[in-house]
Amino acid sequence: MFVNHPHVNRPNNVMPVEDIVPPKTRGNFHLNEVVIKQLPIPGTRVISSLAYGRSLWGECAKITTGLPDGTTKNYFLKVSFWDNSNWVLCYLLTQHKVIAGPKASIISEGEFESIQALNYVMPSLAPTPWTRGKYIDEESYFMLMDFREVGKQPPDPAIFAARLAELHKKSVSPTGKFGFHTTTCHGTTTQITDV
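When you line the sequence shown up against UniProt numbering, it's residues 1 to 195, in that order.
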């Protein structure tokens with residue numbers, strides 16, 4: 001776990017009082033060729049790929065691309081990975097746990113599908129997710145979506161609550177019941193979604 005995050009040791013029922021520092025880019029991030037091949041606009045070229053922010057269970061990057069029409073577009077990449085032979089080094093280098101294998105696949109799929117569902121109901125609330133997949137020759141899973149700058153954190157409680165209420169008013173379960181069509185996770189813990 002990333003131990004320098006301000007909320008790691010805070011109880012879940014307590015609102016943060018300290019400012020949350022927005023994520024920043026830091027150093028180059030190696031892109032697996034499958035990510036480059038799955039960029040959504042044909043003819044896109046990668047200008048830069050920088051490590052971005054912190055994730056408790058993976059690595060994140062901001063990818064700046066050049067589009068065929070001459071404009072630029074930024075994407076957000078999140079990767080869950082694990083090298084079983086070198087997990088201690090991986091933990092020391094990243095300062096947090098990273099996961100892979102079946103659990104990484106479940107987490108990646110659940111997060112991607114959740115963001116897709118949020119984006120469908122309220123595009124202003126969630127970025128557009130483009131693709132997800134598995135790295136070539138590695139047990140690493142990724143998802144790619146539009147990049148959005150993180151605003152004020154924590155958000156204004158009244159505005160956030162109003163947007164959350166709007167989401168619940170607009171969303172409709174396709175089955176009329178509680179649940180979701182795929183497994184989702186809270187961290188690395190799977191959640192019951194099929195009741």
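Hints may be right or wrong, so weigh each one.
[Said to hold, decoys possible] Below, in silico cross-link-like pairs of lysine-lysine (DSSO-like), each with a Cα-Cα straight-line distance of 27 Å or less:
1. K134 x K152
2. K103 x K169
3. K62 x K169
4. K24 x K62
5. K24 x K152
6. K103 x K152
7. K177 x K134
8. K24 x K169
9. K73 x K169
10. K37 x K24
11. K134 x K37
12. K73 x K103
13. K169 x K134
14. K62 x K73
15. K73 x K37
[Claimed, not checked] Derived DEER-like restraints, expressed as beta-carbon distance ranges:
16. A162 x I36: 19 to 29 Å
17. K170 x E138: 30 to 40 Å
18. K134 x P42: 18 to 28 Å
19. K134 x D19: 16 to 26 Å
20. D19 x E166: 38 to 48 Å
21. T175 x E138: 14 to 24 Å
22. L50 x E166: 18 to 28 Å
23. K152 x R26: 16 to 26 Å
24. K169 x T128: 33 to 43 Å
25. P68 x A162: 24 to 34 Å
26. Q116 x T190: 39 to 49 Å
27. K37 x H181: 23 to 33 Å
28. A158 x G43: 19 to 29 Å
29. I47 x K169: 12 to 22 Å
Simulated from the structure, these hints should not be mistaken for lab results. Virtual Cβ for every residue (Gly too), placed ideally from N, Cα, C.
Open item on the list: Checking each numbered hint in turn, tell me which of them this model violates, lowest number first.
Closed with: Numbers 1, 2, 3, 6, 7, 8, 9, 12, 13, 16, 19, 20, 21, 22, 24, 25, 26, 28 and 29 - these are the hints that the structure violates, sorted from lowest upward.
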